[in-house]
Amino acid sequence: MTVSVPEVATKPAKGFRLDLKTLGPLLALILLVILGYVLNPLFLAEGNITNILTRSAFIGIIAVGATFVITAGGIDLSVGSMAAFIAGVMIIIMNWTVASMGASVWTVLIGIGCSIILGVGAGFINGFLTTKAKIEAFIVTLGTMGIYRSLVTYFADGGTLSLNSGAREIYRPVYYDSFLRVPYPVWVFIAVAIVGWVLMNRTAFGRYCMAIGSNEHVARYSAIKVDRVRTWTYILQGLCVSLATIIYVPRLGSASAATGVLWELEAIAAVIIGGTMLKGGFGRVGGTVIGALILTSIGNILNLTEIISNYLNGAVQGVIIVAAVYLQRGSLNTRRKKAAE
Amino acid sequence: MTIKALALGLLATSMLTGASIAQEKIKIGVSIPAATHGFMGGLNWHAAEAEKRLEAAHSNIDIIIVTADGPEDQASDLEDLVSVQQIQALVVLPFESEPLTEPVRAVKSTGAFITVVDRGLTDPSIQDVYVSGNNTEMGVNSAEYMKTRLGEGDNIVILRGIPTVLDTERFDAFMGAIEGTGINVLDNKFANWNRDDGFEVMQDFLSRFPDIDGVWAQDDDITLGVVEAIKQAGREKEMFVVGGAGMKEIIKGVMDGDELVPVDVLYPPAQIATAMDVTVAHFTSNGPVTGSYILGSPLITKENAAQFYFPDSPF
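Residue numbers (this note's numbering), protein chains in the order written: chain A, 1 to 341; chain B, 1001 to 1315.
A hint or two may mislead.
Calculated cross-link-like contacts (lysine to aspartate or glutamate; reagent style EDC-like; alpha-carbon spacing at most 16 Å) [stated by the list, open to error]:
1) K1231(B) / D157(A)
2) K132(A) / D227(A)
3) K1231(B) / D177(A)
4) K1248(B) / D157(A)
In case anyone wonders, no lab produced these hints; they're calculated from the structure.
Given only the sequences and the hints, what does the whole structure look like? Please build it.
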């Protein structure tokens, strides 16, 4: 019997497995949307959808960067702290600029420029230490995570760094205004996702990332510059964090030690829910975008309903995350059958 | 001759005592959580200010402040304060009540004077002095203010902190105080004493409830997020927000007559300074200082805001 089943089931099972691999996260999102609508029809109100999309932008943009890092077999735990650090330094620099030159569009542009420099620099440090100093990515980014978190606490003196109100007024529209009824952060998210998708699926860089993630030695023998590609994934990640921070700062105009806490885990969760392998070798930018939407929707749905005890929020999130990943993995059976072939 | 000897002896003794006082200062250890949240940032600042002030005022007092990232870390801090610093008194704000009870008991067993701040230990007999804000009063005073502005049929939403005893005390007291007034609590959610969560939870409340008259945000960090969400929805005129703790930005707004956040309810980050004062008084005062010092959680209004405003504090 064990012999005959795979023979009969091979073809349909293969199609089934493929479908779930690509459509799993989307299926999970659709189920979630239906659940949200059943619990509270306001879930699909335009305002609420805009809120979800805008909120997803932060984690989503960071997660697109994380997709590359993870695909190439790395990990970056520092992104949440890095976001807080960049936000803090941006605010300090913009406040200085206002003090010396007054508040203008230039203030904001200087802040944005600094953010990009810091993001790229921080990413380079992570990449350099990982590839050249040959320290495990987990350890390097665990270290930088602690460093950035402490630095922002130190800069804020344990309190809150607040953006000068004049600069705030100029900067505010970047988060709150919209183009074609779609808020700017969502446009940035869409742009990052498209660029990320093209980079991953249509360029040599994306193929190199997957090759390195699946087998570093083979990639090295295939004349891929492993260290350089790896470093670039961290730089890309830093750039994504910087973009996320640029749209985050105008939201509340402040940064503190509590900014971006656990964002690294949310970003990693979004990547994994989206179908990228945690051990590397296979990356899926589109899935990551859906993963970010799933994560944000869970929180939103919990806020829109009274049915579930507040104390169980974490449990509900945990169940949905695991279920989403199970859906995109397909059934374990198909795998085993494939292995048996 | 005998008189001379006596005088010499006296002189020698007094010199000795003088010397020993100069050498052996009274060491007071202060163990508090690190500044990872606005309120704790304020508390750290007030502790540092109190240290400067008390050491300047009393030459025989040496205060050692240590900050911890978690309960285990704090337990190690306590061990170090005893073994390395050999403290005679401890002022401690326990991260968590249960896990810190035994470590503090161990400090007590060395004969140290123990002052517990804010979050109590599970065995109160360990402490000589207890200094705390008043969570119940905070909840009640917030509710009392709501009652002055709202009545039968008005709607409020509540943003809570992190699921802890402290949060439950505030919440239960608030709910008790508005019972029977006809004020409707539409829903309550945790916003984790965090601005971003406050923003998101409030956005969701706003899209869910078309009619909100008041918001109890319980904490000033949450309040900042709530205010932004209300402004984004353009509904500033419909409701008001009551926060809590005493963040300087919020107090400044109250002073300036902000209509959206007209009042605040104090939960003083300066309570650590009170605790340090009382502990030092144990060594310098001629009166007893043991007992409980429960600080008030008064309503901060435009009229009295100035006395709670610390522009130099990070919180």
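Going down the list of hints, with the structure as the test:
{"no.": "1", "hint": "K1231(B) / D157(A)", "result": "28 Å, violated"}
{"no.": "2", "hint": "K132(A) / D227(A)", "result": "7 Å, holds"}
{"no.": "3", "hint": "K1231(B) / D177(A)", "result": "13 Å, holds"}
{"no.": "4", "hint": "K1248(B) / D157(A)", "result": "14 Å, holds"}
Violated hint: 1 only; the structure is consistent with all others.
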